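> Residue-level listing of the chains:
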Amino acid sequence: MTVEQIGSEGKDQFPIGMRVLAVDDDPTCLLLLGTLLRRCQYHVTTTSQAKTALKMLRENKNKFDLVISDVHMPDMDGFKLLEHVGLEMDLPVIMLSANGDTKLVMKGITHGACDYLLKPVRIEELQNIWQHVVRRKKKDRCNSGSKDKPHPDSGEAVGIGNVDNNGKLNKKRKDQNEDEDDERDENGHDNEDPSAQKKPRVVWSVELHRKFVAAVNQLGIDKAVPKKILELMNVEKLTRENVASHLQKFRLYLKRISCVANQQANMAAALGTADSAYLRMGSLNGLGNFHTLAGSDQLHNAAFRSFPPSGVLGRLNTPAGLGIRGLPSPGTIQLGHVQNSGNPTNDLSKLQSFVPGNHNTNILQGMPMSLELDRLQHNKSVGHIGELPTTDSTTVFPGSGNLVDARITGFSNNPLLGVTSNSLMLEGSSQQATSHTSVSAIGFQNGNALSDFTSIAPASNQLQDSKAGSQGQASPINCNAGQIIRSAPQEWNAPRKDAPYQSHALINSSIPINSAMIQLGQCLDRNNSIFHRTTDLDLVGPLNFVDPLSIKHGEGDNSIMEPSVIEKEGYLMFQPRPHGSHVPDNIGSLEDLASAMMKQADATVIL
Amino acid sequence: MDVVNQLQRQFIDYSASLHREGFLDDQFTQLQKLQDDNSPDFVVEVASLFFEDCEKLINNMARALEQQQGVDFKQVDASVHQLKGSSSSIGAMRVKDVCIAFRSFCEAQNREGCLRCLQQVTHEYSLLKNKLQTLFRLQQQILAAGGSIPVVE
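First to last, the protein sequences are chains A and B. Each residue of the first sequence is one higher than the one before, counting from 1 in my numbering. Each residue of the second sequence is one higher than the one before, counting from 1 in my numbering.
One chain only, chain B, in its complex shape (with noise of 0.2 Å):
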């Protein structure tokens, strides 16, 4: 109960940092209440189906602005687009902020400044990965030592 409780206050505080830092917002919060005893790892399948998603896009992204001849600003740009979307459906606060001037970048056929916004995109998705991971990690101890995901408000 003890190592339980501790967990969970782990959780809440690290929750917390994490919507305070910016990589996590509103949209997660209510990601983590849709996750009920009859999709119970919800939450776990779509970051990782969210983490799939970003890697295939930033590669596309990084394809596109490596073209010599000519970048197709275009196709970045609908990378950039969905990559906005589903970050914003997750909650993934910074990416998607970063999405957002990777856009205009995009619409001013601005190459270095898509180049810019790519690296950042790709350290965020990083940062992002990394933290949700020990999120996840720490929701799968307190539900092994007995106890239950705290609700992050």
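For reference, chain A alone in the conformation it holds in the complex (with noise of 0.2 Å):
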């Protein structure tokens, strides 16, 4: 067979044509196999050994459109090399054996093949085997494109505003985002969940975030939903949800900025609008998302330990070693008027701001909103993506508009979104922490992982305790909040009610709260990775960072319960990312951080 018969008849006449790798390490068979699979018309390239096959993919992806190999191989299992090619090429793979126990079929599904057929072959399988390089391909064209999904960030980029320092760091996130994104890609892709698709970014240009900033200071900080906002913004192409998810990004980073404002305060100038409302926002989301850390304990602390104490991640860590293992009292942060109201669903607006009094003008607003904001965005396309509950999330949010009043209340319906909402909202008062108490409000009446936030409270006075610092309480709530998002996923885990939710906290449950600390943490350390951070630890699962990372790294490491279905998870989490710049950069860092942290994690908490 040859090129040209690929290139004549290959494209039209698929599955004619269709170049296939067969790897078998018995003779018999592999003859045999090649046989047959030319027998169907396909292209057939022939290997005994794993190596050879691995290197023929890594020399050119597109040389092949589905690999089948032996599961039982010399040189090498094949189940790693169905790993490998999974990650790498994202080909479909087909495993082979005469072993057909159930126990070997279901870890050849859970490290993604996509069929697992028993020897002797039968030619009739195989010539069905083409179907499964059409639904990748499928999958593939959905996934990168995903404009009719429903998570929002309909990939507009809608310019890029670099303002010098923005540029520079908004390429540098790029840069690294699309590495991580490959990656993710790639996992993403051996999720054969449609819900794991990614989601184009939007692109926050200054100019746009202006825009943005402008309303959203129109709107009063409280009163800030994504509707308005973007009817005030009035751009076009821009979504509901592009506005929401930058707006949590927005929170998220006006909170790490009120913990650097009290020393900055011409952040406000950069905006244009030294808006007090911002700087609440900024503090009661990172309020809400210590509160929502501090509920999950231990590894909270230990992941916040091992944060660098700058900012944000000053006050995380110190609250994380405090405070979460504390967190069993909860009544202390009562964020103001957290009222468990049994506000049904999301109801942000009900989040008190906890922030008593916290009116760090210098929540955000400049520069590096841009940035931020991407990240943002990001972050919310992130939180949504993959989720269900991230979507509730983003219109829990759009709903209460009410960073500064954090009240987490009703996260009845979705602990999840309970937790995100109080995370998001929770991140706006933060900055103002000064009371924390209103973070221990965190109604979390609804589910009972909600009430387990309520000893966020504890971890988020702790935190402030903690901080590194001059910020004051702001850092702590924002530790807190972060801490309050990552006991969340904790907590959910025992509930279960979501499953969804919970697999991405439980999946992660061995690292669970180190990734999100880390992630927690990440997003403190790095300018605008809080707001990648704490948007992700809102949104589902902090966790879901760290799995990819973990999964990646270990194929054999299982500590997460299922590789696949977090990868998955990560993925998921990821998928919007994936075209912004910002991801990579948390991904890295949370990379890094997790392993820090995890180790960390495991000399300090006793998880």
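Simulated from the structure, these hints should not be mistaken for lab results. A quick note: this is a predicted structure, and the numbers were derived from the prediction, not measured. Careful, some of the hints might be misleading.
Said to hold, decoys possible - The calculated lysine-lysine pairs, modelled on DSS-like cross-linking and capped at a C-alpha distance of 27 Å, are: (1) A:K138 / A:K107; (2) A:K61 / A:K51; (3) A:K227 / A:K211; (4) A:K138 / A:K211; (5) A:K80 / B:K131; (6) B:K56 / A:K51; (7) A:K137 / A:K61; (8) B:K74 / A:K103; (9) A:K63 / A:K103; (10) A:K51 / B:K74; (11) A:K237 / A:K227; (12) A:K107 / A:K80; (13) B:K129 / B:K33; (14) A:K107 / B:K74; (15) A:K80 / B:K74; (16) A:K103 / A:K61; (17) A:K63 / A:K51; (18) A:K227 / A:K138.
Stated by the list, open to error - One-sided excerpt, in silico: chain A residues whose CB lies under 8 Å from chain B: (19) T28; (20) R39; (21) R58; (22) A98.
Every residue gets a Cβ at the ideal spot worked out from N, C-alpha and C, and that includes glycine.
Since each chain comes alone in its own frame, lean on the hints to assemble the complex.
Right, here's the structure in full:
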């Protein structure tokens, strides 16, 4: 068979000419398989060495459409090969074995095989394997295109405002993102889950962000809901979800900023609106997150600890160490009026402003915004992706639109949501963090998980103490929020209400907190990471972040329950990111943090 | 023509008996169907490969089972597994069946049982090899006489 054959026949007469790579150490079987495949009019390349196969695949990723591999091979386990192919080349792989044990078949599936055939393989079975190629192509198209995806970020690049620094940062992040994206993409593609589709990102240029901030200012931070913001901004092709996610990031940013804001009162100047509302927003966000995190417990502590005390991070660390452990005393953090007012759904608006008095004026505003916003954007999208709750949470936010009043209420329906809302809200208030008390009120009434959050309050308080510093209360709150968020996933494990969420949370159960923390930390760490992280945290499972990372790290690494699932989850989160620049950053840092944290966590925290 | 017919009938009968006695199963028929003008010696090729493989695997198993220090049953099992795969691919039913029993002995780490199975496998393999060689000879004779190999359903 020649290339011409492929060229002329392959495309037009698919599946004729489909390029298959067959790997089997048994020469008899290999010959038979090759013959059968050729009889099906595929273009076949055979090899008895898995290593050779990998080499061939790596040489040219587009050389093959499908891989069929035996399970038992002397030089490399078929499953390992399967993983490699899935990760690096994202090609459909069919496993072949004389052993049809359910366990083995299951292993094949969890490792990402799209089919598992038993020897002796019949020609009829081989005649249908082309469907896997089509299916994957279709999924890929959907993933990358996903314009019709429910989740908004319809990939419009709303310009890339690169204000000097921002530009550079953006670029850097984007590059990093790209790498991450690729990886994620690959992994994501392993997920057969349609919901795990990447959504194109909106790039928040400086101009766009300015409009956004102006709109938020106009509405008032309390009333800034995505829908209204969108209307005020009046930007074509921008969706509410885009705004919502951006808003979330913005809040995170504010939170983060508020930590640093004390020292930089001119942030407002940048945006042109030294609006205390923003500040509060930021702080609230921070708070919210912390509280959520606080609930999570231990791990957070550890996680935070590992975070360098810088800004929010610093704060996180401390509280993590202290607060989270001691979370149990929920009552302390009262988010002002965190009411468990049984607000049935996302009642972000109910979230009271924790920050009783803080009005950090510095919040955001400014430049970093574009970066942050981008991150936010990403985060937002990430959050939304893959997870239903995320979407919900987004909606939640808009609904509540009340950053300052981060009342954690009614997370009844969706623990995740609740948390998310909380986190977001908390974030806003965290800045204000003065009283922290409000945080505790995180209305986790509905969900068991939620109730756990209350315990966050204590954590947040503690966080405050810990903060690295100057930030004062705002920081702790932020930390708390982050913690809270983290804890949320933890908590959710128990209630198991929300399977998907839980899976996120659970999946990373081994790493969960760490990841959460890490993520949180990461956010804090990086300028914009906060946005990302918190968002993620809020959304669902910050764990997810870590997961993919951890998953990637260890093929055999199975602290995670289901690698494939986790990956999925993780990737879900990541999905939106791929296009964005921010995500990668976080991811990268996450990984580092994650590993660091995990070590720390393991060492320090008793999970 | 008579010769051809005669040979062909012989071939059919022999094939049928092999199937009947369990030496070959449907998979072998599939292999025969795969043989065509593009690959006229396909079946012979596959069978030859199988015999080579079989001998190698049997030797591996024998060596592993002879270890006085301690039999590495995993290794034996791996070889048996592979033999099972290739025998089922070619349609060597009896060999395959022995392999199945062989595997359970491996799992049970029963050296005696394994040795017995190894003997059986070796025996079945020799039998099959002879039978197939007879069959292929018949095939060649038919072709030499100008006839075509009848397809045995």
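> All hints, please: hold or fail.
Here's how the hints hold up against the structure:
At roughly 25 Å between alpha-carbon atoms, K138 (chain A) and K107 (chain A) fall within 27 Å of each other, so this suggested pair holds. Proximity of K61 (chain A) to K51 (chain A) is assessed by CA-CA distance (about 15 Å); at most 27 Å being required, the pair is judged to hold. A hinted pair counts as satisfied when its Cα atoms are at most 27 Å apart, and K227 (chain A) with K211 (chain A) qualifies at roughly 14 Å. For the hint linking K138 (chain A) to K211 (chain A), the alpha-carbon distance of about 37 Å lies beyond 27 Å, and the restraint is violated.
About 40 Å separates the Cα atoms of K80 (chain A) and K131 (chain B), which puts this hinted pair outside 27 Å; it is violated. Using a Cα cut-off of 27 Å, the hinted pair K56 (chain B) and K51 (chain A) holds, with the two alpha carbons roughly 22 Å apart. With a C-alpha separation of about 14 Å, the suggested pair K137 (chain A) and K61 (chain A) falls inside the 27 Å cut-off, and the hint holds. For the hint linking K74 (chain B) to K103 (chain A), the alpha-carbon distance of about 18 Å falls within 27 Å, and the restraint holds.
Restraint check for K63 (chain A) and K103 (chain A): not satisfied, since their Cα atoms lie roughly 32 Å apart, outside the 27 Å limit. This hinted pair checks out: K51 (chain A) and K74 (chain B) have alpha carbons roughly 22 Å apart, not beyond 27 Å. Note on K237 (chain A) and K227 (chain A): the hinted pairing holds, with a Cα-Cα distance of about 13 Å set against a maximum of 27 Å. Pair hint K107 (chain A) plus K80 (chain A) holds up; C-alpha atoms about 11 Å apart against a cutoff of 27 Å.
Of the pairs offered as hints, the one joining K129 (chain B) and K33 (chain B) holds, with about 20 Å between alpha carbons and a cut-off of 27 Å not exceeded. For the hint pairing K107 (chain A) with K74 (chain B), the CA-to-CA distance comes to about 19 Å; that is within 27 Å, so the pair holds. With a CA separation close to 19 Å, the supplied pair K80 (chain A) and K74 (chain B) stays within the 27 Å bound. Pair hint K103 (chain A) plus K61 (chain A) does not hold up; C-alpha atoms about 30 Å apart against a cutoff of 27 Å.
Between K63 (chain A) and K51 (chain A) the alpha-carbon distance is near 16 Å, which keeps this suggested pair within the 27 Å criterion. Of the supplied pair hints, the one linking K227 (chain A) and K138 (chain A) is violated, its CA atoms being roughly 33 Å apart against a limit of 27 Å. Interface restraint check for T28 (chain A): the shortest CB-CB distance to chain B comes to about 4 Å, inside 8 Å, so the restraint holds. At a threshold of 8 Å, the smallest CB-CB gap from R39 (chain A) to chain B is about 6 Å, leaving the interface hint in force.
Restraint check, R58 (chain A) versus chain B: the minimum CB separation of about 27 Å is more than 8 Å; hint violated. Interface restraint check for A98 (chain A): the shortest CB-CB distance to chain B comes to about 3 Å, inside 8 Å, so the restraint holds.
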